[in-house]
Every structure is written in C-alpha cells, then in structure tokens.
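Peer 1: Protein chains in written order, with the working numbering: chain A, 1 to 326; chain B, 1001 to 1326.
It should be emphasised that the hints constitute simulated quantities derived from the structure, not laboratory data. Treat each hint with caution, since some may be false.
From the structure, some residues in chain B lie toward chain A, with a derived Cβ separation under 10 Å [what the hints assert, rightly or not]:
id: 1; residue: 1014
id: 2; residue: 1079
id: 3; residue: 1082
id: 4; residue: 1106
id: 5; residue: 1181
id: 6; residue: 1212
id: 7; residue: 1221
id: 8; residue: 1241
id: 9; residue: 1245
id: 10; residue: 1274
id: 11; residue: 1275
id: 12; residue: 1308
id: 13; residue: 1311
Okay, the calculated bits of chain B under chain A, using three or more residues with CB under 8 Å as the criterion [stated by the list, open to error]:
id: 14; stretch: 1165-1175
id: 15; stretch: 1263-1272
With a straight-line Cα cutoff of 25 Å, these simulated BS3-like cross-link-like pairs (lysine-lysine) come out [claimed, not checked]:
id: 16; chain 1: B; residue 1: 1253; chain 2: A; residue 2: 253
id: 17; chain 1: A; residue 1: 33; chain 2: B; residue 2: 1249
id: 18; chain 1: B; residue 1: 1031; chain 2: A; residue 2: 225
id: 19; chain 1: B; residue 1: 1249; chain 2: B; residue 2: 1171
id: 20; chain 1: A; residue 1: 109; chain 2: B; residue 2: 1109
id: 21; chain 1: A; residue 1: 225; chain 2: B; residue 2: 1030
id: 22; chain 1: A; residue 1: 202; chain 2: B; residue 2: 1030
id: 23; chain 1: B; residue 1: 1033; chain 2: A; residue 2: 225
id: 24; chain 1: A; residue 1: 253; chain 2: B; residue 2: 1322
id: 25; chain 1: A; residue 1: 30; chain 2: B; residue 2: 1249
id: 26; chain 1: B; residue 1: 1033; chain 2: A; residue 2: 33
All values reported here derive from a predicted model rather than from experimental measurement. Here a beta-carbon is modelled for each residue, glycine too, at the ideal position from N, C-alpha and C.
There are 2 protein chains.
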Amino acid sequence: MATIHDVAKRANVSVATVSRYLNQNGYVSKKSKEAIERAIQELNFVPNHVARTLSTKKSNLIGLIIPDIENPFFPELARAVEDTAYRYGYTVILCNSDEDPNKEKHYLKVLTQEYVAGIIITSTDEKISGEINIPIVALDRVPKTELPTVTTNNKLGAEMAGRFMLGCGAKELLILKGPKQLVSSEERLEGFLKALQGKNIKIHIVESPYELHDAENITFEFLEKHPSIDGIFGSSDVSAIGALKACEKLGRKVPEEIQIIGFDGIQLGNYTTPSLTTVAQKIYQLGEMAAELLIQQIEGKTIEQKHIAIHPELIVRNSTRKEFIQ
Amino acid sequence: MATIHDVAKRANVSVATVSRYLNQNGYVSKKSKEAIERAIQELNFVPNHVARTLSTKKSNLIGLIIPDIENPFFPELARAVEDTAYRYGYTVILCNSDEDPNKEKHYLKVLTQEYVAGIIITSTDEKISGEINIPIVALDRVPKTELPTVTTNNKLGAEMAGRFMLGCGAKELLILKGPKQLVSSEERLEGFLKALQGKNIKIHIVESPYELHDAENITFEFLEKHPSIDGIFGSSDVSAIGALKACEKLGRKVPEEIQIIGFDGIQLGNYTTPSLTTVAQKIYQLGEMAAELLIQQIEGKTIEQKHIAIHPELIVRNSTRKEFIQ
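Chain A on its own, in the form it takes in the complex (with noise of 0.2 Å):
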C-alpha cells in the first residue's frame, strides 16, 4: 500500500509537503499541487485518517530516543517514526541522549515509570542499561542485547561504497570511522575495507563523531599531513560534508582531486556543492517499520520477523567522478 513518502517521492516534494497538501494547512506551491495529485492518483494513494482521533491516554503514548537531535539523520528518522505512529493513532514523544549513556539510562528511567507504552532507541550504549518492561525497539543501532531490531546493512552498504570509490580511481583513502562504541560504524569499516581487499591501495582510518565541525576539522588536519589522499569515505553523511568543506578550504577539488563518499542518505546531501554521493538508508522505511514492529508489540500481535535489515542504495552524485577505471 502506498505511504505518504511514496508520494512525496513520487512527487518530488518533501512529506512535509504532502502532509500540508493533504491537511490544507499552509502553503504548496501550484507546481508542487500538481505533481503531489498526479503521484497520487498513480499510486493510488488512499490517505488514512486513524489519526484524526488521536487519543491522550498513555497507552497511545511512543517514547522515541534518539542520540544527537543536530545530526539531520535523526530528525528524519524521527520524522518517519512520527508520521507512521500517527497514522494508527499514536503519539510520540522525542529524547535527545546526545551520545551520553548516562542520559540515555535516565530518559529510559522516566519513559518506562510511567509515562510510554513503547518505546524506539538508537542506542548510544550497545548494552541498553536499565531493566525496560514495555514494548520496546532497536533502531538504526542493534544492540547486543536481544530486542527486536530495524536496521540498514551496514556493513553491504560500506562494501558498495568501497567497491565504487575503487571504480573511481581513487588510490589512497582517508576513512572517517565513526566512534568506536557503535556497532553500525565497526560494521561500516570492516564493510569497507572488505570492498578493497587485495587492491593496491593505500588506507589511512581515523576516527570522527558524526558532526559537521569535527569531521572539518579533523579532515583539514589529516589532509595537510598527508596531500596524497584523493578518495574520503565519511562513515556518515555530516562526516562527509564536513570533509567535503575542509577540502574547500583547503583548495582541494573535489571530485578531480579528492573523491568523497557518504553514508546515511540524508537531505542535505543534496544540497552541498558538489552535491554529495552517498550509501542511502531507506531511512523513511527503517522508522515507519520500527513503529510498525513495535505498534505490533503493544497490541499483543504476533510478529512475523523480529530483525529487520534494510539494504541501502547507493546515490551517485556529483563529489565522486564519473568516468570509471574498470
């Protein structure tokens, strides 16, 4: 069945977008109108408006803690999470952990005392402190304890990335691996180099948080230390962004000089210069199916999969280049 993202893609807007369209609340531009009644009648779209009695007890009450609010993945995610909740009459209630296992331990404590009857965690900590009572989910980051878990895979989507940074010509790569208590981001590395195995390259790994500023920083000085880099695999997109404006500001060409490569598949991608290419998650798909999986918890439904993984795409746009060396 057709969701609103399948439209907005369709369409070329943003869910925000349609949703605005569908509650004749706020501006659509006319072109966008079209395009929005056009995706709708392919796809025969059939709103559902569940939501229109949207209850307040606690029981239709979703606790959502993700763990940097600023990385614009997890808005997304988030975003996706809410639209879907709200779709079977649920409510979401959002917790930043901000990477901070001991925030992420308390927003736990409040959530389950009292006030959700489910919760979705991006996980900061792959042990998930605290004994948790309610429904609850891994998203994104799975965890070693045993929950039910939606996922990208990872480590096949850094192995597409790597295979193709290899295609590009690129002859010696910098990694920005993600921080170090992440599974996702081990699985990313080992993805990665899995994909240049055998190849004479010449690798260089250092780890950046998944945050613009660092991953400049961190870039520009790895960059000035080594000049001869000409590929750069950013273990998430906001990594690669900001290696992307330390080349910049470095006066390194990208991509004649150095290539750049992403990882998440978020907005903003699209909207640097060059525009950024990427491994995308489905990240739409991965927060409607966490709140799928977890409305069905809390129903008491049976469950056919209990781990998901998503496989990524990946976007080829305009910091890597074209022509390829086979």
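Chain A is fixed; fit chain B onto it per the hints.
Peer 2: Showing chain B alone in chain A's frame:
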C-alpha cells in the same frame, strides 16, 4: 558566568564536542581538546554538575514543542534548551507539531494532562489553543495570547538584511517570505521592506515554507519567469539554502549574478558553497533564556523580565558580494 556554549564558541568546536570532553565520553580530536582547555582557562568556565543528580520526578520534566524537527534551526534550539534544563537538573521531552495546529493542540493536551512541570512552545498557532494550567514560555514565535516570551528582534534583523542587500548593489529582489500564519515571518517581511523604502528597487514577494525542497522549487520557477532578479532574501536559512541550489541548477552564479541573504544562523550556512550570508539569531541564547524563564516560574521565583527580545547579528559570508556601493 561562562556557559558550555561560550567555551564551544571560543574553542571553535560544537557544544556536543565540549560536552563529550567534559563527560570524557566519545572522541575529541587532539586539536579540539587543546582548544577547549584553552577556552576553559581563558573564560574560567566552571562546569555545573547539578545534572549529575537528575531526578525522574514529574516535577523535573519539561515539555518542549517545536514546529518542524527537520528544519535544523529547531534541533539547535532544542539542544540549547536541553543543555540548560540539564544544568538545572531538569529533563526535556520533545514534541514535533509538524506545523499542524491539531498536532500542537494534541501535544499540549498530552503534556499538560499529567506529564510535565512546564512547557516551552514554538507555536504554529498564534492563538495557542487549549487551556494551559502549568508554567509555559513561548519561544521564537510570539503568540497573540499573553505569555512570557523569548524571541529575536525579527523586524530589526530583517531591516539589517535589507540595508546590507542595498549596500551590495542589488536592484531587483525576490523575497521568500515565510508562512503567513507566523507573526515572525510577517515581521521579517516588514523589516526588510522598511529598509527598501524610497529606494529604486524592484521587489517580488512570494511565500515559501521554511523548507529546502519547496524553497528550491519555488525559487527555480520564479527565477525562470524573472531572470533579471539579482538578489534573494530568504526569511529562513533553509529557504535561502534552497534558493542557492535553485540558482546553481539554473547556472546563475552566486554572488556574482545573484546575491542571497538568509535568516536564522544555523550551522549549515557554513557548509554550503558559497557559504551563506545571514541574519544570525543567537540560537543558543534563545533556548537558554527560555529554559531559565520557565524554570524560574516552575520554582516560583519572581520573574524580572517577562518578554525578552534578543538582537540578531548579521554574519557576512560568501553568498553576497564584497565590494559595497555607498
């Protein structure tokens, strides 16, 4: 007294980096470490550890309702509210109203019912609906109803942008005004027009949501019809960044052929190419003061100032020309 934000600013790193440094949790590059330590000394910053004793009592929960989690301005604002609340031993629960008055009303009902001790709201509804029986502060957007408010002097800021645009020699301007239901967007239009009064400038005004995608589409359509436009004022940074992309797609050079000024001062404006000239709201200070104003009410302290308007500052980057016409 110096805050974590002052330290971040002085050290030229993000607030998140400083908090990672202080909590010794997560990666901080050597260069950043040194910069942070220097800044802490120079500002003689004393980290506040009230937060260590965070409680999960209802009386320590604050609700924060924002209108659009996907507009980076609001995550940055939320981050500031959280930092401050945390410093005072409070926990923040976030709600994303999605610019939908019905969702906003619903969240107000949910939160006031039983969950939080006070609410900070950036309302999408100038009349803030529903009876609120707990302390509340209106943040960023000043509602018609009589509430304590923390906001930016929008009219003044937009007037600064207008004067600067004139100084840069633009002759035909496109104003991407914000959603008409927002007082702030009307104030920004008013302020910008005030600066142009009596000047021989051609002006086009079109409404655009505060959103990359729509702003890009709207600007693209408009520039095709009016190729002689040589200046654009985005009533928000995301509008301006969308406009920047539209110019790129149309092959119009920024700032040589078209100059662009935004409004907000989000971190992202540093990461576009060219980087964005903008009227920067003091985002962190806005969130900080709103949290303090709310906590004063929650704790029954007397409030010296019920309405706070913070002066913005013009940040000149590369989307406007350097040589001024006097």
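Peer 1: A separate judgement is required for each hint: does it hold in the structure or not?
Peer 2: Evaluated hints:
Contact between residue 1014/B and chain A, as hinted, is supported at the beta carbon level, the nearest pair being about 4 Å apart and thus within 10 Å. Against a cut-off of 10 Å between C-beta atoms, the interface hint on residue 1079/B holds, since the closest Cβ of chain A lies about 6 Å away. Because the smallest distance between the Cβ of residue 1082/B and any Cβ of chain A comes to about 6 Å, under 10 Å, the interface hint for this residue holds. For residue 1106/B, the interface hint holds, since its Cβ comes within 10 Å of a Cβ in chain A; the closest pair sits about 5 Å apart.
The restraint placing residue 1181/B at the interface with chain A holds, with a minimum CB-CB distance near 8 Å, inside the 10 Å limit. The interface hint given for residue 1212/B is met, as the beta carbon of that residue sits about 6 Å from the closest beta carbon of chain A, less than 10 Å. The interface hint given for residue 1221/B is met, as the beta carbon of that residue sits about 6 Å from the closest beta carbon of chain A, less than 10 Å. Here the hint on residue 1241/B is kept, as its CB sits about 6 Å from the closest CB of chain A, short of 10 Å.
Taken as an interface hint, residue 1245/B checks out: its beta carbon lies about 5 Å from the nearest beta carbon of chain A, inside 10 Å. Against a cut-off of 10 Å between C-beta atoms, the interface hint on residue 1274/B holds, since the closest Cβ of chain A lies about 8 Å away. With 10 Å as the threshold, the beta carbon of residue 1275/B comes within range of chain A, its nearest partner Cβ sitting at about 9 Å, so the hint holds. The closest approach between the C-beta of residue 1308/B and any C-beta of chain A is roughly 24 Å, which is over the 10 Å cut-off, so the hint fails.
At about 24 Å, the closest approach between the beta carbon of residue 1311/B and any beta carbon in chain A exceeds 10 Å, and the interface hint on this residue is violated. For the stretch 1165-1175 of chain B, the proposed coverage by chain A is not satisfied: 0 residues have a C-beta within less than 8 Å of a C-beta in that chain, short of the threshold of three. Given a C-beta distance limit of less than 8 Å, the hint that chain A covers the stretch 1263-1272 of chain B holds, as 5 residues qualify and 3 suffice. In summary, the hint linking residue 1253/B to residue 253/A is supported, as the alpha carbons are separated by about 18 Å, within the 25 Å threshold.
A hinted pair counts as satisfied when its Cα atoms are at most 25 Å apart, and residue 33/A with residue 1249/B qualifies at roughly 21 Å. For the hint pairing residue 1031/B with residue 225/A, the CA-to-CA distance comes to about 14 Å; that is within 25 Å, so the pair holds. Between residue 1249/B and residue 1171/B, the direct Cα distance comes to roughly 22 Å. Compliance with the 25 Å bound is thereby established for this hinted pair. A distance of roughly 23 Å separates the Cα atoms of residue 109/A and residue 1109/B; the hinted pair therefore holds under the 25 Å criterion.
As the CA atoms of residue 225/A and residue 1030/B are separated by approximately 14 Å, the hinted pair is consistent with the 25 Å bound. At most 25 Å may separate the alpha-carbon atoms for a hinted pair to count; residue 202/A and residue 1030/B meet this at roughly 24 Å. For the suggested pair residue 1033/B and residue 225/A, the alpha carbons sit about 19 Å apart, so the restraint of at most 25 Å is met. Taking the CA atoms of residue 253/A and residue 1322/B, the gap is about 23 Å. The hint holds against a cut of 25 Å.
The hinted pair formed by residue 30/A and residue 1249/B meets the criterion: a straight-line CA distance of about 20 Å does not exceed 25 Å. A hinted pair counts as satisfied when its Cα atoms are at most 25 Å apart, and residue 1033/B with residue 33/A does not qualify at roughly 50 Å.
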